[in-house]
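Participant: Spelled out from the first residue to the last, the chains are:
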Amino acid sequence: MLKINKLYTSIKNKKILKNINLNIKNNEIHILMGPNGSGKSTLSYTITRKPYYNIIKGDIIFNKKKINKLSSDKISKLGIFLSFQNPIEIEGITMLNFLKNLKKNIKYKKILKYSKLLKINLDNLHRFFNLGFSGGEKKKNEILQLLILKPKLIILDEIDSGLDIDTIKIIFNILNYYFLNNKCSILIITHNTNIINYINPNLVHILNKGKIIFSGKKKIINYIEKYGYKFFNKKRICI
Amino acid sequence: MEKIFNKYKKEKYKYGFYTNIKSKTLPLGINSYIIKKISNLKNEPNWMLKIRLKAYKYWKSIRNKYPKWANLKYNKIKFNNISYYSGILNKNNKKIKKTFNKLGVPINNKKISIDYVFDSVSIKTTLNKILKKKGIIFCSISKAIKKYPNLIKKYLGSVVPYNDNFYSALNTSVFSDGSFCYIPKGVKCPIELSTYFRINNGLIGQFERTLIIVNDKGSVSYLEGCTAPIRLKNQLHAAVVELIALKNSYIKYSTIQNWYPGNKNGKGGILNFVTKRGICGKNSKISWIQVETGSSVTWKYPSCILKGDNSIGEFRSISFTKNLQQIDTGSKMIHIGKNTSSLIISKGISANYSKNTYRGLVKIEKNANNSKNYTQCDSMLIGSKSSAYTYPNIISKNKNSIIEHESTISIIEEEKIFYCNQRGLNNEKAMSIIVNGYTYDILNKLPLEFVIEAKDLLNIEIKNSIG
Numbered sequence: 627m628l629k630i631n632k633l634y635t636s637i638k639n640k641k642i643l644k645n646i647n648l649n650i651k652n653n654e655i656h657i658l659m660g661p662n663g664s665g666k667s668t669l670s671y672t673i674t675r676k677p678y679y680n681i682i683k684g685d686i687i688f689n690k691k692k693i694n695k696l697s698s699d700k701i702s703k704l705g706i707f708l709s710f711q712n713p714i715e716i717e718g719i720t721m722l723n724f725l726k727n728l729k730k731n732i733k734y735k736k737i738l739k740y741s742k743l744l745k746i747n748l749d750n751l752h753r754f755f756n757l758g759f760s761g762g763e764k765k766k767n768e769i770l771q772l773l774i775l776k777p778k779l780i781i782l783d784e785i786d787s788g789l790d791i792d793t794i795k796i797i798f799n800i801l802n803y804y805f806l807n808n809k810c811s812i813l814i815i816t817h818n819t820n821i822i823n824y825i826n827p828n829l830v831h832i833l834n835k836g837k838i839i840f841s842g843k844k845k846i847i848n849y850i851e852k853y854g855y856k857f858f859n860k861k862r863i864c865i
Numbered sequence: 144m145e146k147i148f149n150k151y152k153k154e155k156y157k158y159g160f161y162t163n164i165k166s167k168t169l170p171l172g173i174n175s176y177i178i179k180k181i182s183n184l185k186n187e188p189n190w191m192l193k194i195r196l197k198a199y200k201y202w203k204s205i206r207n208k209y210p211k212w213a214n215l216k217y218n219k220i221k222f223n224n225i226s227y228y229s230g231i232l233n234k235n236n237k238k239i240k241k242t243f244n245k246l247g248v249p250i251n252n253k254k255i256s257i258d259y260v261f262d263s264v265s266i267k268t269t270l271n272k273i274l275k276k277k278g279i280i281f282c283s284i285s286k287a288i289k290k291y292p293n294l295i296k297k298y299l300g301s302v303v304p305y306n307d308n309f310y311s312a313l314n315t316s317v318f319s320d321g322s323f324c325y326i327p328k329g330v331k332c333p334i335e336l337s338t339y340f341r342i343n344n345g346l347i348g349q350f351e352r353t354l355i356i357v358n359d360k361g362s363v364s365y366l367e368g369c370t371a372p373i374r375l376k377n378q379l380h381a382a383v384v385e386l387i388a389l390k391n392s393y394i395k396y397s398t399i400q401n402w403y404p405g406n407k408n409g410k411g412g413i414l415n416f417v418t419k420r421g422i423c424g425k426n427s428k429i430s431w432i433q434v435e436t437g438s439s440v441t442w443k444y445p446s447c448i449l450k451g452d453n454s455i456g457e458f459r460s461i462s463f464t465k466n467l468q469q470i471d472t473g474s475k476m477i478h479i480g481k482n483t484s485s486l487i488i489s490k491g492i493s494a495n496y497s498k499n500t501y502r503g504l505v506k507i508e509k510n511a512n513n514s515k516n517y518t519q520c521d522s523m524l525i526g527s528k529s530s531a532y533t534y535p536n537i538i539s540k541n542k543n544s545i546i547e548h549e550s551t552i553s554i555i556e557e558e559k560i561f562y563c564n565q566r567g568l569n570n571e572k573a574m575s576i577i578v579n580g581y582t583y584d585i586l587n588k589l590p591l592e593f594v595i596e597a598k599d600l601l602n603i604e605i606k607n608s609i610g
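Just so you know, the sequences run in chain order A and B. According to the numbering used here, the stretch in the first sequence is residues 627 to 865, in order. According to the numbering used here, the stretch in the second sequence is residues 144 to 610, in order.
Treat the hints loosely; a few may be bogus.
[Said to hold, decoys possible] Below are the DSSO-like pairs computed for lysine-lysine, each with C-alpha atoms no more than 27 Å apart in a straight line:
1) A/LYS733 to B/LYS528
2) A/LYS703 to B/LYS572
3) A/LYS640 to B/LYS572
4) A/LYS736 to B/LYS509
5) A/LYS733 to B/LYS572
6) A/LYS845 to A/LYS644
Don't read these hints as lab results, they were simulated from the structure.
Here chain A stands alone, though its shape is the one from the complex:
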């Protein structure tokens, strides 16, 4: 589904990602971990083509189509969804009205159904978009938009940070359900090694200083928990 070849990127002439290679196949779940400032969010912004996240060289290929030069709204239309680490607030437009803008002819009933699934306080639908929402409410709002847009590739940028266990459970139950019932792939960016209690990844990647320094099965998360990222800095190890 998503293939990244020899990707180098920069922001304002500062080189960030170096030689990233990533291949996420259909119906796969990948986890991306790494220390702060290693370039995880940069990768998600580069895939979604955020302005100023320049590609120096390399290709991003989505369903056999090169998307390097597409604008971010076109990328979204292709079916790539990014759940933001810090979703923004917009005054003067209710959450409901914002959601109605996302998809033509979306029915109120459907929005209501999804909201109930996510245990969203229905009053929030009539409040201004994310304005004064708690961290959990904002993240639930992200997933609600995901359900409306029905993307093929889902990138979750720290969906689990700062949330209570109940909210994490609700969110991952729905993500797992969505994953099973739709042809899609998921890339999860997280700091949380407990993540494997909620979702079952096919591959885990470790990003450090703009490079993917290690990729492996689920069990490498145990090593991260035990020894930290330093453990993977030495190239000689093999698990």
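Chain A is already provided as a structure; the job is to place chain B on it using the hints.
Facilitator: Quick look at chain B alone, frame taken from chain A:
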């Protein structure tokens, strides 16, 4: 691609067409002969001509001292290159009807009473029967001068005297038409009143005069709309609006100003110099709401004199500038009576190379005990070349009064745009969501019939400022 571009081009200023129609136009220039001629063409009584000539004498004395304090740059206006009157010969000409239909303000409108002003002349005022039943007078000012001389003599120039400023002097000497409204005691006007100003002729300046008087316990909601054809030369528009809210009354005055703003390089467009002021009696309220998107230069400060005790003045404004447009707008709130309160909310949005200025005065006089003012002025910048300025002026001579002032400047956040993009919304849609949200609390105060119109107008502005 070409097609899309052409479509976009067409949408730029959809009111920019010209109606080819026979009219009587006075020769260029301003002098006492021209003023006599205007008065003569309108069959005015002699006392009106005297007022005009007095104003002209004053204006002549200050002719070279036009105001330069505003944060505006434009070429010196050549007052002798303007025609001060152009009236069509036949008011029943079918072309007029067609023109207003095309402008989206059809003459057979059943919901709102509209006074249609075409160049220098009022064409028609609709729905008069409903108004007559209630004793409401709504007609062109020319008609009012002849029919209700006592009201005109008493109130015209009572809030904005001819010598108030450069443009009020000019307006008083040459004004050609405008609207007059009188709401009698205890009458709440059941429908929206409105005037639509259209400048058609390329050589004229439009000098409109509006006077609204609301008597005890009466109320009215009035809306003003304006457009002009696309031309490469600047055109002058200098209006004076006076509101008189006698005790216990309420006037809501909304403006949707969409004069031709000039082209991308700043050529052409209307120079809009307007004096708007209202006076409040005891327990009365005046509410100004404006959506300013047009004109190449705007100079406008709708104000309230809160003379009566417990009176309330409000000013809400959205000003959107793009390309090389310049707006210098704001409000004056003069607190004279006790327990008076005022509210100023100004939201400026500037795109491209435009300049958006808020200028305000809040003055609390010595005896205005327990008076309150709250001012909020927000500016939003789109792109890195536009600019926003605020010049608040606060004078308080009373110790028991409270003045609050808040102002913010925000750059339209790329984060917000990107977020919307990431949800599949294109730049235009994203901006429209953000700008509509930003102006939401003001748009909501407009009369219901015009909320959608104003929203559409903002959306077109956004489209054009991105293109």
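Participant: Indicate, hint by hint, whether the structure satisfies it.
Facilitator: Status of each hint after checking the structure:
no.: 1; hint: A/LYS733 to B/LYS528; result: 41 Å, violated
no.: 2; hint: A/LYS703 to B/LYS572; result: 14 Å, holds
no.: 3; hint: A/LYS640 to B/LYS572; result: 31 Å, violated
no.: 4; hint: A/LYS736 to B/LYS509; result: 61 Å, violated
no.: 5; hint: A/LYS733 to B/LYS572; result: 20 Å, holds
no.: 6; hint: A/LYS845 to A/LYS644; result: 26 Å, holds
Hint compliance for this structure: hints 1, 3 and 4 are broken, all remaining hints hold.
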